[in-house]
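Please model the complete structure; the sequences and the hints are all you need to start from.
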Amino acid sequence: MSLSVRESSGVWVWAEHHRGEVNRVSLGLLVKARELCQKLGGGETTAVLAGADSSKLASELIDYGADKVYVADDRSFSLFDTERCASFMTALVDSHHPEIVLWGGINLGRETAARAAARLDTGLIAHCIDLDIEDIDGKHQLVAVVAGWGGNLTLKIICPERRPQMATVKPGIFPPPQAEKRTGEVIPVKAEDKSSRLDVIQVAEEKDETSSLEQADTVIAVGWGMNSMGGFTAAEELAEVLGGMVGGTRPALDAGWISEDKMIGQSGKTASPQLLITLGVSGAAQFATTVTGSGFIISVDKNPNAPIFEMSDIGIVGDLQEVLPLLIEKIREIKKKG
Amino acid sequence: VGVQLAESLDLPAITNIEELTLEDERNIGVKRMLERGYIRARLKLPAVITVTSKINQPRLASILNIMAATQKEITCWNAADISADTGCVGFSGSPTRFYQMSEFHARRQGDILRGKPEEVVARAIDKLTKMGVL
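So the sequences go chain by chain: V and W. My numbering applies: residue 538 is where the first sequence begins, and numbers increase by one. My numbering applies: residue 31 is where the second sequence begins, and numbers increase by one.
It should be emphasised that the hints constitute simulated quantities derived from the structure, not laboratory data. Be aware that one or more of the hints could be misleading.
[Stated by the list, open to error] Non-contacting residues of chain V with respect to chain W, defined by C-beta distances greater than 12 Å in every case (computed):
#	residue
1	Ser546
2	Arg571
3	Lys576
4	Gly578
5	Ser592
6	Lys593
7	Ser596
8	Glu597
9	Asp604
10	Arg612
11	Pro712
12	Thr720
13	Pro725
14	Val726
15	Asn764
[To be verified] Some, not all, of what chain V presents toward chain W, calculated at C-beta under 7 Å:
#	residue
16	Asn644
17	Glu648
18	Ile662
19	Cys696
20	Asp736
21	Ile738
22	Glu742
23	Leu812
24	Phe833
25	Phe846
26	Gly852
27	Gly855
28	Lys867
Glycine is no exception: its CB is placed at the ideal position from the N, C-alpha and C atoms.
And the structure:
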């Protein structure tokens with residue numbers, strides 16, 4: 538089933554959506570997909586949509602970069618049924634031969650991607666932190682960057698023979714910019730009607746917080762160094778003053794200061810806020826690789842040799858017990874003056 | 031891995047399971063976690079399930095059992111032992127491969143401030159306001 542390199546062209550994105558909204562990870566991937574197409578020297582950017590009432594989302598996908606959108610607007614089609622999603626995608630890929638297929642690295646997308654890779658007998662590079670095209674062995678190839686061995690190394694991985702080349706990308710890695718109005722082609726397709734082996738009984742959503750860590754403009758990240766403060770209450774105060782969100786490292790999660798959905802790092806969330814303030818975070822690579830997209834990074838830690846300072850725009854070497862209350866006070870003053 | 035194994039075996043599969051109940055001999059009920067929330071679903075057996083660390087709280091192993099474990103025989107199988115197609119396993123069987131490896135660097139032209147807390151905070155705030163961050 539796998540295709541030879543010459544026959545394939547274009548970059549595809551599997552569009553994740555929920556309750557009438559396209560997931561931002563998919564929008565960001567479309568922008569990246571266009572860039573990859575240009576580097577490949579042409580080819581179309583294509584989005585694939587499936588599910589009830591999905592066709593109304595097609596124009597947004599076009600605005601973010603799709604030249605073409607395949608839509609299976611089918612009431613019986615649920616994105617929870619990753620097996621059906623994978624067979625739908627496999628059939629489309631088999632008939633159109635894209636060069637690259639990209640998937641949002643969220644729960645359902647990862648499962649669908651893994652299934653599709655198995656069916657298409659091709660490789661899947663998971664949890665990518667960057668994507669590029671390089672000329673390797675005389676042909677343009679997708680180079681997917683992943684963090685390896687605790688994040689101290691970055692590895693470039695390729696899929697030299699099989700097609701399509703496939704990758705999943707963590708949310709927050711490619712934040713979507715403002716979209717422009719574009720035109721493109723919307724192509725309705727029929728998904729094979731396959732009886733599901735999964736019977737969904739209940740869909741429960743946790744209270745929708747107004748913003749997630751990946752989308753927050755300001756993030757306060759707490760690390761084990763906050764231990765000296767007896768916890769993270771002061772970080773919450775700083776977040777409140779700045780209108781930001783508190784996240785943290787693995788040790789902060791283990792200490793019970795933050796919940797799992799607020800963990801920043803290789804096995805957690807990616808954060809690329811405009812302003813990131815780290816408190817008592819040493820800057821181990823598994824944390825560092827997931828915040829490099831931040832606009833401005835301020836770090837406070839008592840260890841002058843902590844790697845966090847190398848990746849900060851402003852580093853404050855000092856004791857959090859002394860520095861943090863002052864910092865909160867000064868910022869509060871400025872915010873009051875407006 | 032779980033999902034791809036299920037694909038090879040043509041079995042239903044579901045990942046990220048936090049709760050698992052055997053409904054009857056033919057079906058299991060699962061709670062599958064999502065980014066925000068979860069779904070409850072039923073699957074026909076046999077099925078491949080991958081679970082999160084919340085699936086169970088492992089008990090502590092007793093000293094006696096730990097000692098007994100050191101005496102137990104451990105059987106290791108390799109690809110040949112299970113008659114696997116060596117073209118499909120390990121590095122040579124993988125469709126993807128390493129291309130380059132580099133040490134991770136995320137350097138910025140940072141100002142590292144040291145000194146009295148009042149002074150460093152004042153300098154940091156001054157810089158932040160000048161740069162329009164605050």
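Consistency of the hints with the structure:
no.: 1; hint: Ser546; verdict: 19 Å, holds
no.: 2; hint: Arg571; verdict: 23 Å, holds
no.: 3; hint: Lys576; verdict: 16 Å, holds
no.: 4; hint: Gly578; verdict: 20 Å, holds
no.: 5; hint: Ser592; verdict: 24 Å, holds
no.: 6; hint: Lys593; verdict: 22 Å, holds
no.: 7; hint: Ser596; verdict: 25 Å, holds
no.: 8; hint: Glu597; verdict: 20 Å, holds
no.: 9; hint: Asp604; verdict: 27 Å, holds
no.: 10; hint: Arg612; verdict: 18 Å, holds
no.: 11; hint: Pro712; verdict: 16 Å, holds
no.: 12; hint: Thr720; verdict: 32 Å, holds
no.: 13; hint: Pro725; verdict: 27 Å, holds
no.: 14; hint: Val726; verdict: 22 Å, holds
no.: 15; hint: Asn764; verdict: 19 Å, holds
no.: 16; hint: Asn644; verdict: 5 Å, holds
no.: 17; hint: Glu648; verdict: 5 Å, holds
no.: 18; hint: Ile662; verdict: 6 Å, holds
no.: 19; hint: Cys696; verdict: 5 Å, holds
no.: 20; hint: Asp736; verdict: 4 Å, holds
no.: 21; hint: Ile738; verdict: 5 Å, holds
no.: 22; hint: Glu742; verdict: 4 Å, holds
no.: 23; hint: Leu812; verdict: 6 Å, holds
no.: 24; hint: Phe833; verdict: 5 Å, holds
no.: 25; hint: Phe846; verdict: 5 Å, holds
no.: 26; hint: Gly852; verdict: 4 Å, holds
no.: 27; hint: Gly855; verdict: 5 Å, holds
no.: 28; hint: Lys867; verdict: 5 Å, holds
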